[in-house]
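Protein chains: 2
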Amino acid sequence: MKNKISIALCAAALAAFPLRAEETVKEEYPSPPEIVAKAKAEEWVAIAQSDLLVMDLATDAKGKARRVVIQLMPAPFSQGWIGNIRKLAAAHWWDGTAVVRVQDNYVTQWGDPTEKKALPEGLAVVPESEYETSQVCGEMVLTQRGCIIEPAFRSGPSKVDAYSEPTGFSNGWLITKSRQARKLTKVERNSATWRQARLATVWPVHCYGMVGVGRNLSPNTGTGAELYTVIGHAPRHLDRNIALVGRVIEGMEHLSSLPRGTGALGFYESDEERVPILSVRLGNEVADAPTFEYLSTESVSFAAYADARANRRDPFFIKPAGGADICNIPVPVRRKGK
Amino acid sequence: MKNKISIALCAAALAAFPLRAEETVKEEYPSPPEIVAKAKAEEWVAIAQSDLLVMDLATDAKGKARRVVIQLMPAPFSQGWIGNIRKLAAAHWWDGTAVVRVQDNYVTQWGDPTEKKALPEGLAVVPESEYETSQVCGEMVLTQRGCIIEPAFRSGPSKVDAYSEPTGFSNGWLITKSRQARKLTKVERNSATWRQARLATVWPVHCYGMVGVGRNLSPNTGTGAELYTVIGHAPRHLDRNIALVGRVIEGMEHLSSLPRGTGALGFYESDEERVPILSVRLGNEVADAPTFEYLSTESVSFAAYADARANRRDPFFIKPAGGADICNIPVPVRRKGK
Chain A
1 MKNKISIALC
11 AAALAAFPLR
21 AEETVKEEYP
31 SPPEIVAKAK
41 AEEWVAIAQS
51 DLLVMDLATD
61 AKGKARRVVI
71 QLMPAPFSQG
81 WIGNIRKLAA
91 AHWWDGTAVV
101 RVQDNYVTQW
111 GDPTEKKALP
121 EGLAVVPESE
131 YETSQVCGEM
141 VLTQRGCIIE
151 PAFRSGPSKV
161 DAYSEPTGFS
171 NGWLITKSRQ
181 ARKLTKVERN
191 SATWRQARLA
201 TVWPVHCYGM
211 VGVGRNLSPN
221 TGTGAELYTV
231 IGHAPRHLDR
241 NIALVGRVIE
251 GMEHLSSLPR
261 GTGALGFYES
271 DEERVPILSV
281 RLGNEVADAP
291 TFEYLSTESV
301 SFAAYADARA
311 NRRDPFFIKP
321 AGGADICNIP
331 VPVRRKGK
Chain B
1 MKNKISIALC
11 AAALAAFPLR
21 AEETVKEEYP
31 SPPEIVAKAK
41 AEEWVAIAQS
51 DLLVMDLATD
61 AKGKARRVVI
71 QLMPAPFSQG
81 WIGNIRKLAA
91 AHWWDGTAVV
101 RVQDNYVTQW
111 GDPTEKKALP
121 EGLAVVPESE
131 YETSQVCGEM
141 VLTQRGCIIE
151 PAFRSGPSKV
161 DAYSEPTGFS
171 NGWLITKSRQ
181 ARKLTKVERN
191 SATWRQARLA
201 TVWPVHCYGM
211 VGVGRNLSPN
221 TGTGAELYTV
231 IGHAPRHLDR
241 NIALVGRVIE
251 GMEHLSSLPR
261 GTGALGFYES
271 DEERVPILSV
281 RLGNEVADAP
291 TFEYLSTESV
301 SFAAYADARA
311 NRRDPFFIKP
321 AGGADICNIP
331 VPVRRKGK
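Those protein sequences? They're chains A and B, same order as listed. Taking the working numbering, the leading residue of the first sequence gets 1, the next gets one more, and so forth. Taking the working numbering, the leading residue of the second sequence gets 1, the next gets one more, and so forth.
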């Protein structure tokens, strides 16, 4: 039954977006934003307010408010650190901290500039093994908390990129998995759940706008008090070396357009340069927090959008690339009902 | 003879950077910047002053100078547009124009906001075929102006990325080539020069900091008067759809940290928002222009640097990626003699 649905989705996508662009008039092809604009209401998935992290920076030089909204990742990814982040927000720990580092083509980072502020009690110490998640059940990825759908779309003409094979989308997030599956254990082989198992290791990807947890040298994995977001080309060498916990879904420009720091690694060298953080709260604790939704990565429209990103056929383009790397197919997110 | 040299280089690189990191102490591995810092003086290649484009923006809010230095690409790439750019600089055409567009995670673009300023006479109309360059001779890429060395380093665990196969480095630039070589003609097959020919199409790559030529709809290819630079994740779908003419080698932060435009496509909506351009000159016409050099992409140190970028083993990292996409291995450029 599951297979039948998958095939039906593929056929629908292909009918609407034939691969041989030269046979048809270019103007017939909608652009990726046009495809997203035409997606059906039921293809959008609401994001819970409790999964938002709302960060208000001090106003800019012209007195304009600067609000950044981050969506936290769902299980099975990085839940240890995300639990800490929820506690830090509840304790208002970030209020009065600052943006401390902006390194061009790399990251903007925020936290306590003094590095002396006491942390709330009860934060988890998360092991490095949590940078990735393994175990697969049939077409589904089995996690400690259940199963997630395996990626339906695989980018690239050869189904791989320079980092792993394959990359894909799952439950609204970009993920990748290892090329080498581990062997099934005897218990797994004999289990009905695992009969069709193809084991793999999956992990989230360091794309533009993703939010991660700063840390010291291994085995330290960071608490979540020091966070950063990617403001340049995807630093994929950080995948599986640092925890990713979410992505910026609104206000990215307030972090990406800040003056670059002049100290080593782009750290600001004086208090005057640092951008004060007024408050960080979970979305359900902010009265005027907007609501958001993302385009389901399992929807027909998302498949068409991803295909169009990988094969640009709107009028500006003369040679479709025939592929796209995972970070060039960002999941569409918008204010709800827009 | 050439093959022997290649093997010797490989052996040297492998001896210094064994692939099995777990067998050795991590601290033995220098980081990419450390490898670059230790490169020999003769591994650096001087950049001619006449290949620099020096753009002075109006001072910032604090009265600080903002200079951006661009290195123009060498033959065989994009020489039609680059010839136009040399004429535009000689005519002081950009003086009094402005940065007109800053789109987050995409491009910063500059040119004439009125779109009415007359262009100098004699600019070339360059055909779309110039977006790429074909013909290969043996291990060398044959061009209309001679041969360039084929990439020695191929990034990625599977030697491909999502866009093409393979990517690599040549004469200080990042390039890629098509997966499908065209057939040799009879003349080429019978030519001594072409005996070992493996034909391919090569083109430059839209990485962070690369500079390209804005254009209208095809078959328009732009004159070079409207330029942009990439300020986010590599928009590789623009490869072979727009001409690339160079890269920002100093002052990138003056373009990447500008406020994002609020109009469609990130265009600024008022004169007040636009950043005035005071002057754009070729480097040999600027008395105080600094001199630059790049790390030869054919050097032993570059091979070690590229390998280290793809397999981070310096102490911070716990899992080397085993690959890197081409845009994550930028060619090191520095002020000369530093």
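Each hint should be verified, as a subset may be incorrect.
Identical chains blur together in the list; that is why a pair holds if it fits in one copy or across any two.
Taking lysine-lysine and the DSBU-like style, the derived pairs with C-alpha atoms no more than 35 Å apart in a straight line are [said to hold, decoys possible]:
hint: 1; residue 1: 38; residue 2: 117
hint: 2; residue 1: 40; residue 2: 117
hint: 3; residue 1: 116; residue 2: 319
hint: 4; residue 1: 64; residue 2: 87
hint: 5; residue 1: 38; residue 2: 64
hint: 6; residue 1: 117; residue 2: 319
hint: 7; residue 1: 87; residue 2: 319
hint: 8; residue 1: 62; residue 2: 116
hint: 9; residue 1: 336; residue 2: 64
Calculated from the structure, these hints are not laboratory results. Nothing here was measured: the structure is a model prediction, and the numbers come from that model.
Contradicted hints - numbers only: 1, 2
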